[in-house]
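Participant: Turn these sequences into a full structure, and let the hints steer you where they fit.
2 protein chains.
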Amino acid sequence: MTSDGLPIWARPERKTRATSASLSLPQIVGAAVKLADAEGLDAVSMRRIAGELGSGAMSLYRYVSTKDDLLDLMLDEVMGETLADIDEEWAGASGILRNDLLEIGHGLRAQVHRHPWLPRLMSGRPAFGPNMVRCIEIALSIFDNLDVDADTMMHSVGAVNAFVFGFVQEELAELEVQRQTGLSEQEWHERMAPYIRGLLATGKYPRLHKVIVEGSDPDDHTVEFDGQLRIVINGVIASLPEAARRKADGPI
Amino acid sequence: MTSDGLPIWARPERKTRATSASLSLPQIVGAAVKLADAEGLDAVSMRRIAGELGSGAMSLYRYVSTKDDLLDLMLDEVMGETLADIDEEWAGASGILRNDLLEIGHGLRAQVHRHPWLPRLMSGRPAFGPNMVRCIEIALSIFDNLDVDADTMMHSVGAVNAFVFGFVQEELAELEVQRQTGLSEQEWHERMAPYIRGLLATGKYPRLHKVIVEGSDPDDHTVEFDGQLRIVINGVIASLPEAARRKADGPI
DNA sequence: AGTGAATCGGGTACGTCGTACGCACAACGC
DNA sequence: GCGTTGTGCGTACGACGTACCCGATTCACT
Chain G
2 MTSDGLPIWA
12 RPERKTRATS
22 ASLSLPQIVG
32 AAVKLADAEG
42 LDAVSMRRIA
52 GELGSGAMSL
62 YRYVSTKDDL
72 LDLMLDEVMG
82 ETLADIDEEW
92 AGASGILRND
102 LLEIGHGLRA
112 QVHRHPWLPR
122 LMSGRPAFGP
132 NMVRCIEIAL
142 SIFDNLDVDA
152 DTMMHSVGAV
162 NAFVFGFVQE
172 ELAELEVQRQ
182 TGLSEQEWHE
192 RMAPYIRGLL
202 ATGKYPRLHK
212 VIVEGSDPDD
222 HTVEFDGQLR
232 IVINGVIASL
242 PEAARRKADG
252 PI
Chain L
2 MTSDGLPIWA
12 RPERKTRATS
22 ASLSLPQIVG
32 AAVKLADAEG
42 LDAVSMRRIA
52 GELGSGAMSL
62 YRYVSTKDDL
72 LDLMLDEVMG
82 ETLADIDEEW
92 AGASGILRND
102 LLEIGHGLRA
112 QVHRHPWLPR
122 LMSGRPAFGP
132 NMVRCIEIAL
142 SIFDNLDVDA
152 DTMMHSVGAV
162 NAFVFGFVQE
172 ELAELEVQRQ
182 TGLSEQEWHE
192 RMAPYIRGLL
202 ATGKYPRLHK
212 VIVEGSDPDD
222 HTVEFDGQLR
232 IVINGVIASL
242 PEAARRKADG
252 PI
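First to last, the sequence lines map onto chains G and L. 165 is the number that our numbering gives to position 164 of the first sequence; each next residue is one higher, with no gaps. 56 is the number that our numbering gives to position 55 of the second sequence; each next residue is one higher, with no gaps.
Only pairs whose alpha carbons sit at most 27 Å apart, straight line, appear in this in silico DSS-like list of lysine-lysine:
| hint | chain 1 | residue 1 | chain 2 | residue 2 |
| --- | --- | --- | --- | --- |
| 1 | G | Lys248 | L | Lys211 |
| 2 | L | Lys68 | L | Lys35 |
| 3 | G | Lys35 | G | Lys68 |
| 4 | G | Lys211 | L | Lys248 |
| 5 | G | Lys68 | L | Lys68 |
No lab work stands behind these hints: they were computed from the structure.
Facilitator: As structure tokens, then:
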């Protein structure tokens, strides 16, 4: 959004009437995304993007009225990436709700891992781009032959979505530190160990102590994620009306 | 974290050897939090904070080695806020797992609503401050007489936590736009309506159309949140070992 | 009481950022 | 031919985080 509070897509289309242009909006957005992927969101400055494209910084403003707009476009761009593999109807839809929800969850997480700057962009930015809208449409398609009401559909995908984003956010916090410092997960954990040990040594956190000592080290975040996602999906399916619930796991 | 990759608490304590100081770390952190609450995270600059305290910008660096450290401290500060109401043992713990999880969820959401800049800080910043650790400890206490293993405990609070953060993040995105533009929720929705109508008019999003037309307008986000939170908690409780599950809803 | 060391507050300055403004140039309709 | 329109981009301004440095204050210790 800019000063008028509208996201870029809700505003009358840009002119781009003229003939020869050495720059183009998709080109700019693409360069910005590539930069963010390679060096993090902080590396994405107008000057850097322009430099990457071999043009002047101010040239970008012929295509984008504000950096914030560019960020909106980046967000929608990567949402469109997922869509590229998908044709008119969702190829992945198995018709079995539990599997579909699982796939949506894992797919969303994979997408965020490909572009770790996504969560930071989504904080404080309502996403309403065309690609995002198509993503929602496709997500809703998993209810096609389930005959549940609109509110339930929104609840269900909303809950799964919220969980996935919350989870990856925590995951990425750790990865981000590792990226910025160049430390491996191993090294970072070792670096933190004395502090953690000091905390536990106070004896003020017996439950945390128990969890750290007895808990299995989640070296593979994916299985951790899968486990928790299944828990959430269980809850979602359990809340469905009975007819839909019986069909959620497919024909027995 | 700074260049060494360690959060501020994992480093040897700052000197603060001398006697009389017109500034103090808690004072600085407090001013920063107040500023963020009042004008948003972007208003939090070293110069602004110093100005608010009637001192020079560079003076702050006697107490904080980097702005990033200050942000870490702000995060832990507000986590401590919640703790202020709580004494040694959690007053709110009912011993009934479902109610405890509900309370944790609603409490966490309330906390984030009090400080809408929290999610943006947590993106890309592992939180390990003492207050945060105490929060975790207290959250784990709800399993005290339930005899479940460490992994299950982490799974359970992790799933609820992740969901809550994901949910409020979406909520706040909308609120943030309203704060920045000064528009009310009503006004903003009206401003967006033509764009949304245009999308639906294309006929390419039949499911989204159905959801928007038939779905009840969630004017009260709290009931929406409560509904979805209960769904997640259902899943969590269902995944507990049977003995614990039977006790989760308390004595019948 | 006198003195050296440490810590305080903060001014100046550098390199970065987003972007307002305006100019030179190219392609078009007439 | 000539205005009109749209491009690319150089310059400049006011923010930002913070490195560096200096005078003033206060402590620890004789």
